[in-house]
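Asks: Each chain is listed here by its residues.
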Amino acid sequence: MQDHSELDEFFAHRPPAPEAVAEVRRLGIVVSGSLSKGLGVKLDRGAVVEGMAVGRYVVVHGQTGRRFFSIITDVALDATNPALEKTPPDTSDPFLSQVYQGTATFGRLEVSPMLVLDPSTGSEPEAGEPKPVKTVPAHFSPVYEATEEDVNRVFGAGDERHFYVGNPLDMENVRVHLNLERLVERSSGVFGKSGTGKTFLTRTLLAGIVKQDTAVNLVFDMHNEYGWESQAEGRHRVKGLRQLFPGKVSVMTLDPESSRRRGSKVDFEVHIGYDQIEPEDVDMLSNLMSLTDVQINALYFLRRRLGKAWIEKLLAEGEAGEEGGPSELDMLLEDGQLHGGTLGAIQRKLGLFRRFDFLRPRVHEDVVGKIMDYLDRGLHVILEFGRYGSTLEAYILVANYLTRRIHGRYVQRMEAALGSRTDEPKPLVITIEEAHKFLDPAIARQTIFGTIARELRKYNVTLLIVDQRPSGIDEEVMSQIGTRVTALLDNEADIRAVFTGVSGAGELRQVLARLDTQQQALILGHAVPMPVVVQTRTYGPELYAEVGHVEGEALQDRLTRNVNLLQGDQEFEGFE
Amino acid sequence: MEIQVGRIIRSSTTRFAVGCRVLRPEVPVFGSLVKVPVLDDEVYGLIYDVCMEDDPYVRQIAVQEEVRAEHIEDQRRNRQVPIEVGVLVVGYRRGGTIVHRLPPQPPTSLDVLYTCTGEGLVEFTRRFDYFRLVLDNRDLPADELLAANLRYAAEARSDGQAFLVDAGRELARLLNMDLVRLDGLLRRLRDWA
Ligand SMILES: Nc1ncnc2c1ncn2[C@@H]1O[C@H](COP(=O)(O)OP(=O)(O)OP(=O)(O)O)[C@@H](O)[C@H]1O
Ligand SMILES: [Mg+2]
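Protein chains in written order, with the numbering used here: chain A, 1 to 576; chain B, 577 to 769.
Source of the hints: derived by calculation from the structure; they are not laboratory data.
Any given hint could be a false lead.
Covered, in the sense of this in silico footprint (three residues per stretch, anywhere, with C-beta under 8 angstroms from a C-beta of chain B), are these stretches of chain A [what the hints assert, rightly or not]:
1. 80 to 86
2. 96 to 109
Under the rule of at most 25 angstroms between Cα atoms (straight-line distance), these lysine to any residue pairs were calculated in the SDA-like manner [said to hold, decoys possible]:
3. A:Lys426 x A:Arg454
4. A:Lys86 x B:Asn752
5. A:Lys86 x B:Met753
6. A:Lys134 x A:Leu115
7. A:Lys248 x A:His549
8. A:Lys86 x B:Leu755
9. A:Lys86 x B:Arg745
10. A:Lys86 x B:Val741
11. A:Lys86 x B:Arg763
12. A:Lys86 x B:Asp754
13. A:Lys86 x B:Arg597
14. A:Lys86 x B:Met577
15. A:Lys86 x B:Asn654
16. A:Lys86 x B:Arg749
17. A:Lys86 x B:Arg764
18. A:Lys86 x B:Thr673
19. A:Lys211 x A:Pro541
Note that the Cβ used here is the ideal one computed from N, Cα and C, for glycine as well.
Generate the whole structure from the sequences, applying the supplied hints.
Replies: Structure (structure tokens):
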């Protein structure tokens with residue numbers, strides 16, 4: 001008998017069975033549905049209707065071992081007999097209500113299958129990759145709440161391609177990762193009302209791209225929020241990309257004074273010469289400067305006649321009477337090739353350029369060449385606008401000026417590379433704020449930004465557009481935006497715009513209008529396997545640390561430790 | 577404890593009749609489960625009716641002005657026409673298993689009918705497939721019959737309340753197209769629950 005009790009003791013100490021640890025809650029069974037309209041699920045008696053929520057993930061265990069990863073799109077009450085709605089039973093009686101609940105009356109879910117997880121073989125990771133849904137689970141397949149493991153399988157693990165951007169709602173321990181390679185493969189957008197966190201989100205995405213070296217960035221930093229420190233709500237400051245990635249991110253400025261005031265470390269000042277500006281660059285401003293078609297044609301004409309110095313000449317002429325003989329302009333007027341009113345209007349409107357100190361009559365350095373040089377070396381470039389950020393004309397002029405030329409060089413280089421990967425320039429992502437000003441339907445077809453969005457990644461250049469009014473963006477451009485990250489939008493037209501070209505967006509629309517006013521976003525498109533609503537990750541110390549930034553104090557610690565180690569005989573830890 | 581109810585006097589696949597001599601407190605009872613051994617099997621049924629027919633003596637006595645108590649007593653003890661008990665067949669047992677279906681053969685005349693209570697009743701009512709066999713008889717007070725039967729089955733259990741809820745749910749499934757009937761039946765159950 002001695003043996004017996006020893007055995008008992010041995011078994012008593014066994015760890016709990018695995019199924020006891022990870023118990024998955026069964027919700028109900030599939031009773032109807034179709035691939036196009038989603039599945040109807042009859043809730044089990046034990047499942048509490050009020051405990052269900054739209055947007056929650058569930059997994060249907062199909063007959064063939066496939067798991068259908070799905071999302072709850074509707075919660076409803078149902079009855080086996082419609083007459084029950086007209087003559088409800090006496091539910092004040094506990095017995096009757098116990099009997100009726102879950103039998104004659106029951107809860108019902110509409111779920112939309114999004115992805116199929118094949119039975120995992122464990123050994124090959126590819127076998128576990130989620131696939132698009134092409135069929136539906138059989139009748140009466142059981143439906144379970146999705147476990148963290150299921151969700152993790154869908155939204156991937158953080159690796160060299162995937163970057164953690166937030167957590168699904170109600171699932172703090174699960175991370176949603178964005179496939180950055182796919183993000184930069186096509187143009188993408190960050191949308192949301194003012195103050196919803198677009199800039200913070202964009203900075204997070206850019207930090208991911210820099211950290212994982214997925215592409216090089218060129219950021220037109222309208223409000224000086226990306227390079228150096230900027231203020232978050234509640235007066236605390238957040239670090240800019242240059243602080244997180246010293247040596248990998250360089251900052252250029254149009255307004256050195258502003259940069260200096262903010263303590264932003266700047267690599268160089270950007271100047272553009274009048275003689276470098278082409279009529280095409282001014283053309284972009286036609287709406288803002290209310291240039292008529294006649295005036296625009298006149299610009300091209302003037303450029304042909306006056307040569308490179310055309311703007312200088314126009315502006316000089318504009319400045320009160322000049323001594324000397326009749327100028328070239330006078331001659332054009334006399335010939336009747338130019339109308340005096342048109343010329344006057346042009347001169348008046350271009351007079352605006354005098355207020356832009358970064359424009360100079362002649363400039364010797366080649367800004368475009370310099371930026372290309374940085375980009376080629378894999379350095380990310382942030383262009384701070386300083387006080388010019390509040391002048392839309394300046395923002396559009398410069399962004400357009402630089403992008404046109406840089407894109408031009410990319411096209412040349414790509415064509416020269418003839419498809420040989422090694423010679424191709426690094427993929428470039430250009431970030432612009434207030435994107436609808438560049439992409440509104442009236443101009444999107446002619447502007448460089450419209451071109452880039454439409455040509456996809458053909459020339460290795462894509463856009464990251466940040467905008468609070470997506471309805472102002474040309475529809476065709478919008479439909480080319482591969483990944484859309486959208487914070488709260490409450491304008492009907494804006495919501496519709498975000499879903500341009502997305503099929504079956506009805507339910508998602510509801511989701512979008514119900515987001516919190518900050519730090520929540522719907523991500524859909526190319527870079528995620530399925531649309532997902534996330535609590536966006538906080539841009540702060542944790543993220544700094546993850547991308548390899550070492551804070552002052554921590555750095556000091558590390559230093560002391562390394563010094564100690566150097567004095568001892570242990571291995572040197574290093575700073576990276 | 578099995579009590580003998582009486583002997584079969586008429587029989588068919590779906591119903592049979594049993595004759596018994598006297599009315600005792602515990603037999604025969606409307607709604608109670610009963611069984612008849614038939615060869616190796618046992619046929620189960622529910623008592624749906626207890627009927628006393630008249631005979632010439634009863635008629636005579638009934639119209640006498642003065643009836644002597646001994647005559648009444650004698651007439652009740654030594655009745656010429658037996659008390660007739662109607663039984664609705666609800667299943668049978670073959671080998672060890674109870675089946676809620678009609679038996680291949682009915683019991684034979686003069687087979688003996690026993691009550692089935694306690695363990696036997698609990699075992700038979702573990703599943704609810706026999707509900708159909710009861711509810712389909714629109715010429716009988718089927719709802720009343722089933723409700724009475726379920727009441728005894730609940731009393732035979734320690735968790736009678738939960739048993740009634742489960743039975744109620746099965747009824748809700750079967751009768752979901754006839755809510756008035758369902759409601760009536762459930763109310764009958766509730767009054768005991
Ligand atoms: N991921 C985040 N981490 C930390 N704070 C955040 C985050 N998202 C938003 N916030 C908070 O919300 C505030 C507004 O965010 P942000 O400036 O990015 O909004 P926006 O959409 O760019 O607004 P605007 O349209 O005015 O430019 C920030 O100052 C910050 O306090
Ligand atoms: Mg912003």
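Asks: Which earlier hints turn out false for this structure, listed by number in ascending order?
Replies: 13, 14, 15, 18
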